[in-house]
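Given the sequences, and given the hints that come with them, work out the whole structure.
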Amino acid sequence: MLINTATNFFTTQKDPQRWGNGHPNIVPYQVFPTADDPIIVAVGNDSQFRKLCETIGRPEIASNPNYATNAGRVQHRQQVIAALEAALRTEGRHHWVAALGAVGVPCGPVNTLSQVFEDPQVKHREMVVAMPHAKAADGFVNVLANPIRFSETPVQYRITPPMRNEHAQEILHDWLGKRS
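Under the working numbering, think of the first position of the sequence shown as 283, with each following residue one higher.
Keep in mind the hints are simulated off the structure, nothing from the lab. Note that the structure is predicted; figures quoted are calculated from it, not measured. The reader is advised that the hints may include incorrect statements.
Okay, the calculated beta carbon distance ranges per label pair [as the list claims (entries may be wrong)]:
#	residue 1	residue 2	range
1	Asp456	Thr351	24 to 32 Å
2	Gln438	Leu458	27 to 35 Å
3	Gln295	Asp420	53 to 61 Å
By construction, the Cβ of each residue, glycine as well, lies at the ideal position given by its N, Cα and C atoms.
Below you can see the structure in the form of structure tokens.
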């Protein structure tokens, strides 16, 4: 996430403006509110921008010469974002994700954690591991799985998350040579 901002700084020696979750060099490339839940739109080129504007019912935005290129959209960021936000608020996230995805505009829902862990892909990839834990009410505690998978070297989960201060003595001894 820092690569674009750092590169801009190294090039210009100027501290960047804060854009929230917006990309510093690409517009639009950020989270947008909809009628219900937010989505992220990640327009990577001028063709995708035209498709976005057509799909949201605002083709005149893309035909504005000030917004025809990414450089122009970056220069007029606030106006472009305001126009897109107004249009995207007219329908819910499921509508926009389906409609924009159908025309090749990169986008997706911004999920809550409960939505993340109910996602079919997250379940298929087994991204939640139940580890035995003596202090847990049901004897298990959920932890995140390692997302990196090797075909011949499966990840092993051997150590449960420690309780508060469970390893304090070992840490103090190993790092500071002390016993408390």
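* Note whether the CB distance of glutamine 295 and aspartate 420 lies within 53 to 61 Å or breaks it. => Check passed, 56 Å falls within 53 to 61 Å.
* Hint says 24 to 32 Å; check whether the CB-CB distance for aspartate 456 and threonine 351 agrees. => Between aspartate 456 and threonine 351, where Cβ atoms are some 57 Å apart, the hint is violated.
* That 27 to 35 Å hint for glutamine 438 and leucine 458 (C-beta), does it hold up? -> At roughly 30 Å between Cβ atoms, leucine 458 and glutamine 438 fall inside 27 to 35 Å, so the hint holds.
The structure does not agree with numbered hint 1 stated previously, though it agrees with all others.
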